[in-house]
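Quick note, the sequences are listed as chains A and B, same order.
If you count the first sequence from 1, position 101 lands on 101 in this note's numbering, and the numbers rise without skipping.
If you want this note's numbering, it's the position in the second sequence, counting the first as 1, plus 197.
Certain hints may be false.
Taking lysine-lysine and the DSS-like style, the derived pairs with C-alpha atoms no more than 25 Å apart in a straight line are [claimed, not checked]:
1. Lys-48/A <-> Lys-112/A
2. Lys-48/A <-> Lys-316/B
3. Lys-113/A <-> Lys-46/A
4. Lys-102/A <-> Lys-316/B
5. Lys-46/A <-> Lys-112/A
6. Lys-102/A <-> Lys-46/A
Everything labelled a hint here was simulated from the structure, so no lab data went into it.
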Amino acid sequence: MEQRNVEERETSASVAAASVSAAPSASAPPSDRLRLAELGLEAALKVKHVAAAHSGRLGTQMTFEGGRRVPGVRAVAAADGRYAVELHLSVAEVSLPELAEKVRDSVERAAKKAGLADHLGSIDVSFEDLVEDEAQPTPASKESAPSTGRRQSAPAGAGKKTASSGGRKETASAGGRKQAASTTGRGKPARAAGRKQ
Amino acid sequence: MAAATEQTAGSGESSTTGDSSGPGKSLQSGRGTTTIADIVVSKVAGIASREVPGVHAMGGGAARAVGGITSRIGIGDDRRQGVAVEVGEREAAVDLTITVDYGESIPQISSAVRDNVIKRIEGISGLSVTEVNIVVNDLYFPGDEAPQEEEEPAPARVS
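This is chain B alone, in the form it adopts within the complex (with noise of 0.2 Å):
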């Protein structure tokens, strides 16, 4: 199955200036070092796209049935579903998986969801965003999911 890619850069091209305010630039410390983990970005960058109107869920078929499965038993963490980041010591790339809902507007949402990531990264780890990658593997149809029939209870065989 053939997914619709999108690739772009984000604001980190301005970090190379000199300016001293801008991301990338604030973790180094005359005091010490600012190291963040890539669970750290990833989670952000999870957490930003779900809040785009528009996405459905994160992460491939295969992912989602896993996550399914692990969050039920409480040890899974779908915060980090779908998205795959590579971070350095000043900037960070990000690749997301999404599934959009049917009958909204790929570019938009995927626009609305790079600039989401971008300015929740930069903002909360002070990291550029070099590119987010995102990836539509599928669509949601509302009338993919069965409705649940309330089953009446069955009665009981003792009185």
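So here's chain A without its partners, still in its complex pose (with noise of 0.2 Å):
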């Protein structure tokens, strides 16, 4: 037993000693892992409305290769060769799925531009952070205030939007929480469809 826990040692041992071997250096030209990770977080930052990579709480969404570090884009090898490109973004209070559209086109056509198309596979956008965008008002500034139907400030029809709505169901007892739950069958459990895992 004691003999084969030796030979293990020594396997992770060789092991790491070979990655360690080759492991490029700092001065070797970076692969193309790397460059599709730095051209993709370069072509996202110039989309308008992304405000900055975002690493993640634990700083752990980057890439890393031979002592540089990519933060906010992981590139992630896919079984046909080409790379995954996952880009975590901090972005303005926009759109977000005409924004990951963009976000997509830009890295595209700058992985064109490198010569690096066929070795991109998908572009995966996460959207992390919503930061104010000073050089763009937000739509909630742009518009006004939406109307309560209250006498002082509403405008004349603001009473048949709040009647409108009235098709919903509403309870206004501490107990009618659980009662209404029951009746459109969304339990606790199951509010969003498609989970996060």
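From these two lone chains plus the hints, build me the complex, please.
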């Protein structure tokens, strides 16, 4: 048993030694993976309303290779030999699906320009935080405040708008929440479809 | 303290149809996936709630006390105060805790908050909102806050 443990230790040590020796030095030219990560992040940050890269709560969302780190982006090898690029971004308060498509367009253009289009796989965009966009006014500031149907400040048609939402189930007691949840068939565990694991 | 609770389903019920342009469908792309963090949705919900006149503050008493301290020392983000969200790949559910100005109609304010939150989240994130639960946990009376007396500057002790 002890001999087996010793063999395992020796094997792991040799693997570690091999990985250290195989690691490229800082002066080595960057791999396609690192180049894709760098140009992907650079292209994403060029898109309007993208504020910054976000490396996650623990700072683990990054690409690391040969002593170089690219925070906020992960380039992961896929089974087809290409690299999937995951971008983690802080953005302004705009339509996020449209912004994600703009980011993908920008990254694809940059990869094509750099001759890495064949190595580029899927582009996953993750919006991690919302920041204030100083250059562009938010939709909230563009539009007027929503009406509550108050007499002092409400326009003439405000009451109708409030009345039109009367089809929704509303309860005004503390126990009403549980009752309404059972009638809509949405308990606590399944409130949002496709929940994250 | 028994707080008044309102619960309803948002407009997300219609997103189960085959309409590919509706909320909850546009996050799926053939070129990759789009993920939206809980923080993003909760900030959108908090901002949208505060836009409604009659909403005095967000969060319970403890949350407001802690939020006041953290915002003073610059580490807090009160946009998420009083907001709890559950975000999936296509849908989101929101719980809000608000304080309402005394004299305002709570049903009208809660309806306006609900409409605005659903509109903002669906417009910005593309997620469909399945429910917005609102807890009105307190009323704000304008006279509650004692006016701050202007203190006369102390006379100089040295000339």
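25 Å Cα cutoff - pair Lys-102/A, Lys-316/B: Status holds; Cα separation ~22 Å.
Can you confirm whether the C-alpha distance between Lys-48/A and Lys-112/A stays at or below 25 Å? holds (20 Å)
Going straight from one Cα to the other, do Lys-46/A and Lys-112/A come out at no more than 25 Å? holds (16 Å)
Holds or violated: are the alpha carbons of Lys-48/A and Lys-316/B at most 25 Å from each other? Since the Cα atoms of Lys-48/A and Lys-316/B sit roughly 23 Å apart, the hinted pair holds (cutoff 25 Å).
Quickly compare the C-alpha distance for Lys-113/A and Lys-46/A to 25 Å and report which way the hint goes. Measuring from Cα to Cα gives roughly 15 Å; hence the hint holds.
Are Lys-102/A and Lys-46/A close enough, with their CA atoms no more than 25 Å apart? The hint holds at about 10 Å.
Consistency note: the structure conflicts with none of the earlier hints.
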